[in-house]
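Asks: As a plain string of letters, each chain reads:
Protein chains: 2
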Amino acid sequence: MSEYQVPIRDIQFVLYELLDYENHCKKLANADEINRELVDAVLEEGAKFCEQVIAPLNRSGDEQGCSFNDGVVTTPEGFKSAYQQYVDGGWPSMCHSTEHGGQGLPESLGNVLSEITGTANWSWAMYPGLSHGAMKTLELHGTEEQKQTYLSKLVEGVWTGTMCLTEAHCGTDLGLLKTKAEPREDGSYAIHGSKIFISAGEHDMAENIVHIVLARLPDAPEGTKGISLFVVPKFLPSKDGQLGERNKLSCGSIEHKMGIHGNATCVLNFDGASGFLIGPPNRGLHCMFTFMNTARLGTAIQGLAHGELGYQKSLAYTRERLQMRALSGAKAPDKPADPIIVHPDVRRMLLSQKAFTEGGRMLIYYAALLADIEQQGSSGDNSEEADLLALLTPVAKAFVTETGFESANLALQCFGGHGYIREWGVEQNVRDARISMLYEGTTGIQALDLLGRKVLMSQGELLKRFTKIIHKYCKAHIENNTLEEFAVPLSKLNTEWGELTLHVGMAAMNDPEEVGAAAVDYLMYSGYVALAYFWARAAEIALQKSESAEKDFYLGKLKTARFYYQRILPRTRALAVTIKSGAANLMDIEEEQF
Amino acid sequence: MSEYQVPIRDIQFVLYELLDYENHCKKLANADEINRELVDAVLEEGAKFCEQVIAPLNRSGDEQGCSFNDGVVTTPEGFKSAYQQYVDGGWPSMCHSTEHGGQGLPESLGNVLSEITGTANWSWAMYPGLSHGAMKTLELHGTEEQKQTYLSKLVEGVWTGTMCLTEAHCGTDLGLLKTKAEPREDGSYAIHGSKIFISAGEHDMAENIVHIVLARLPDAPEGTKGISLFVVPKFLPSKDGQLGERNKLSCGSIEHKMGIHGNATCVLNFDGASGFLIGPPNRGLHCMFTFMNTARLGTAIQGLAHGELGYQKSLAYTRERLQMRALSGAKAPDKPADPIIVHPDVRRMLLSQKAFTEGGRMLIYYAALLADIEQQGSSGDNSEEADLLALLTPVAKAFVTETGFESANLALQCFGGHGYIREWGVEQNVRDARISMLYEGTTGIQALDLLGRKVLMSQGELLKRFTKIIHKYCKAHIENNTLEEFAVPLSKLNTEWGELTLHVGMAAMNDPEEVGAAAVDYLMYSGYVALAYFWARAAEIALQKSESAEKDFYLGKLKTARFYYQRILPRTRALAVTIKSGAANLMDIEEEQF
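Taken in sequence, the protein lines are chains A and B.
Residue numbering for the first sequence follows the working numbering, beginning at 45 and increasing consecutively.
Residue numbering for the second sequence follows the working numbering, beginning at 45 and increasing consecutively.
All clues stand as given, with none of them false.
Identical chains share a label here; the pair holds if one copy fits it or two copies do between them.
Taking lysine to any residue pairs in the SDA-like style, the calculated list, with each CA pair at most 20 Å apart, reads:
| no. | residue 1 | residue 2 |
| --- | --- | --- |
| 1 | K301 | I465 |
| 2 | K379 | L220 |
| 3 | K375 | A628 |
| 4 | K536 | A620 |
Worth flagging that the hints you see were computed from the coordinates, not collected in a lab.
Construct all of the structure, not just a fragment, from the sequences and the given hints.
Replies: So this is what it looks like as structure tokens:
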């Protein structure tokens with residue numbers, strides 16, 4: 045069995061049948077040439093690379109990990125050569141502007157590429173993934189000279205990039221950061237400080253590494269308003285891109301982690317390294333957060349990736365593993381026992397994974413299309429798409445990674461004791477998945493962003509952008525006999541979503557802690573409703589095609605939608621109670637009473 | 045900070061204040077000398093051993109793991125010497141009969157020892173833990189000669205034991221097992237076959253290892269009714285306990301696992317090894333299952349152990365780590381940021397751990413006392429205790445390990461990105477915890493045992509044993525103003541528990557798959573209600589003593605009870621829906637539609 049099969053048909057279902065991708069592209073600047081033929085070709089070529097080149101390195105990368113020796117990081121066997129093939133295939137340039145050597149395809153297609161490379165080998169995929177963030181920063185805020193010097197090399201893929209935010213004493217609270225940038229006479233800055241948790245911060249896969257670094261100017265105000273952004277290359281390049289002297293920065297160590305062993309998580313020490321200001325002084329966080337939505341969607345994909353990989357592995361295993369007889373009588377009487385997929389609880393675990401993974405894909409792809417419009421929509425007012433994206437990004441990031449981790453754990457559970465053994469790869473999938481709820485803003489931080497900054501700060505307006513869409517959908521289908529089973533409960537939940545929001549908003553007027561107390565449960569509730577909307581739409585499509593040649597494919601979708609409504613969505617009954625339970629049950633306990 | 049502080053006060057609360065332990069011991073044969081002084085002394089000496097000897101080896105044991113070289117297993121540094129200290133301290137003999145060199149203390153006290161050694165270092169604690177199973181088997185079913193030869197050495201601790209059940213093709217479904225036992229003229233048997241997943245199957249900590257092996261006699265019927273039990277020592281002893289020749293069995297390899305690296309999980313190959321029948325032919329499973337309840341409680345403890353360890357670590361961290369200000373204004377204005385324990389969502393994560401861990405302890409200790417009575421009660425009819433134990437064992441095993449894993453994950457989450465780094469030990473705690481839902485019967489198997497074998501097969505009688513106790517409790521307190529907040533919702537849930545049981549029971553009469561479809565959700569529901577009962581009782585005690593010198597201790601209990609009722613118990617609202625949702629949403633999907 046191959047380690048991973050790219051689910052091309054499922055991806056096509058979401059792109060073409062759910063999201064009308066060809067028409068979507070017509071709404072983007074410079075994207076009118078994009079058609080299904082092109083997209084399918086990208087998918088097929090991408091699938092070959094994922095299945096044949098990087099998926100086979102997923103487990104060996106975990107076993108070997110990265111090694112560190114006196115500042116030099118060596119990636120696992122095969123990683124470097126796979127990266128070379130990736131560059132030779134032109135993949136790094138896919139979604140970047142033609143001006144700097146890119147192919148100009150929409151970010152949403154890059155999102156699909158991130159899914160399939162990330163599912164094949166998340167640790168490997170993080171190397172090009174981090175470059176993407178550096179490129180985005182330079183594209184949006186770099187000077188023309190910076191773009192010429194750095195961006196073209198990054199787009200080509202011969203250099204990679206990083207994002208250097210975190211320090212030992214601050215991750216969430218970047219206002220505390222201490223790294224300093226002292227201006228020099230030549231217009232450059234001397235960067236002093238130490239950064240931790242720098243993914244892909246040092247490695248042997250590319251000839252140069254371009255670090256995007258947050259630091260403080262000497263006269264900067266305290267807190268988040270005194271942070272500036274710098275580009276700090278490992279080797280200082282000449283303007284024509286030739287590598288010059290080694291910059292004064294070094295990798296002090298790499299972390300020993302629970303998972304993603306193939307990706308180097310570095311301590312980077314800047315000892316007077318030359319850096320160059322990006323964007324205006326003291327506006328570093330602002331510049332960095334301009335592409336926060338796509339960065340967070342990029343991490344949301346990790347939930348989908350581990351959900352999909354675990355599902356494929358556990359589905360194959362439960363079809364093969366023989367153990368016990370079905371309670372309703374033998375299903376494979378010619379064999380010593382039935383395959384365990386006959387048992388209802390095994391099916392519950394498989395269907396949970398399928399519902400979360402395919403539902404997560406619908407939500408993430410939908411959000412990626414919103415990001416396309418926000419960034420390169422050609423029709424003028426993109427405020428609705430921007431609002432929807434702002435609302436759905438924290439939901440996608442936290443909900444899809446939380447349910448992705450749940451899925452990865454269920455996949456392991458399907459293997460019984462064997463799941464705990466490394467050789468099957470499902471325990472690695474759990475370990476690798478675990479970081480997704482931590483980095484790029486923890487679940488708690490996403491929840492505060494959603495409920496505090498997005499929903500309540502907009503007086504509920506951002507939420508209404510989405511509940512209106514659901515309302516319209518339900519209204520159109522609620523008296524339709526075949527879709528009633530979805531439209532009726534969805535409509536109730538959609539109304540309740542608004543009521544819960546109002547409830548928390550009122551409570552928060554008296555006590556701001558009410559927001560933090562409700563936030564995570566509110567986010568999870570929002571995720572369950574969002575997926576319910578997409579599963580209703582998937583069921584609608586499936587019902588229309590349930591007599592087609594692909595009957596099994598569509599009936600699978602329809603029955604998974606039913607499973608989701610009957611077995612997963614009831615979790616909102618618990619959340620509706622806890623959201624309204626108030627802050628007192630958390631805040632009344634004194635610190636010494638814990 | 046020490047790695048682990050034994051929560052002596054919490055343990056005392058459950059033993060003396062909740063369970064009236066001194067009086068309990070008076071109901072046991074040969075236990076009238078047990079008083080609080082003795083128990084407290086055991087706790088204090090045990091705590092010293094756990095904190096000073098084995099807790100410091102927990103992380104190094106994970107890092108080093110066991111090594112395998114040509115059949116020889118070497119345990120991590122310090123494990124062997126710690127075990128020697130354990131033997132010198134007389135710990136292995138604590139709960140065994142004085143006849144074979146034991147100290148005759150109740151099993152329930154051994155249960156407390158298992159908790160604290162297991163929390164300090166689960167991998168290490170499994171070595172003596174497995175011996176316990178072998179001793180129980182011999183005590184209950186061995187001949188007098190077998191007891192003399194093996195039991196006294198095991199009780200002394202100079203030999204250790206294992207349980208050899210699983211084979212590569214069968215774990216849950218032992219009816220498929222193939223290992224053979226051929227009778228020899230001298231009354232012994234030649235054992236041929238291969239066993240996997242044998243915890244502590246080979247190691248360097250004791251001079252001999254006594255394997256209890258399931259195998260088939262030549263003329264045995266197929267399936268579970270043709271399995272016999274054998275004692276198969278690594279070295280064949282003379283009757284006076286001198287070690288003789290090496291038996292024909294060897295360790296073929298050790299597994300590479302997600303966690304519990306310090307414990308050797310072995311493949312054992314039996315190549316005509318000499319074995320000796322225990323109990324009657326073909327009654328091996330029956331013999332082995334006679335102590336299944338205590339074995340499963342022993343695994344339930346693992347959920348409690350990892351819950352407690354994670355709670356201690358995350359509580360300490362969230363009190364120290366400074367990040368962001370409280371939404372209601374700075375709480376530590378003299379510091380650059382507030383300790384993160386001020387944030388409501390961090391408190392939600394801490395209180396969830398506290399509620400599950402302390403609730404799990406109440407449930408497990410309660411069950412352990414039932415096991416005491418069942419095994420050595422001196423008052424005649426122990427059928428009520430036996431029934432309650434049969435009912436609560438699968439609940440304790442599955443619910444406490446599932447919520448223990450949830451707790452361990454929440455502890456990691458409290459650390460943010462740092463939780464993913466090995467040096468903090470919280471990710472090890474997650475990896476170690478993960479196996480607890482798999483071995484000794486997965487959560488799915490426990491759920492079938494509870495709903496199918498225990499509840500429905502007894503026509504609900506076993507369930508009524510417990511719901512009557514809850515009913516009586518609620519009736520006594522429902523009009524008591526101070527306990528109303530617990531007694532009212534508990535009473536409703538208790539009634540609903542019966543209704544849900546009836547609902548599934550009726551459905552199962554038409555379709556046996558309904559049992560499997562409802563089982564896991566039913567088990568989790570049962571666990572939430574059971575913990576609600578214990579938290580109500582804890583709150584009752586706390587209310588009585590909330591003005592005492594230990595005010596903070598008791599108010600902590602009371603507020604955790606409130607948290608449990610308001611934030612955790614609402615999960616039953618989801619489960620009540622999914623339990624009744626029926627089997628169709630799982631069984632209607634065809635295998636090719638997944």
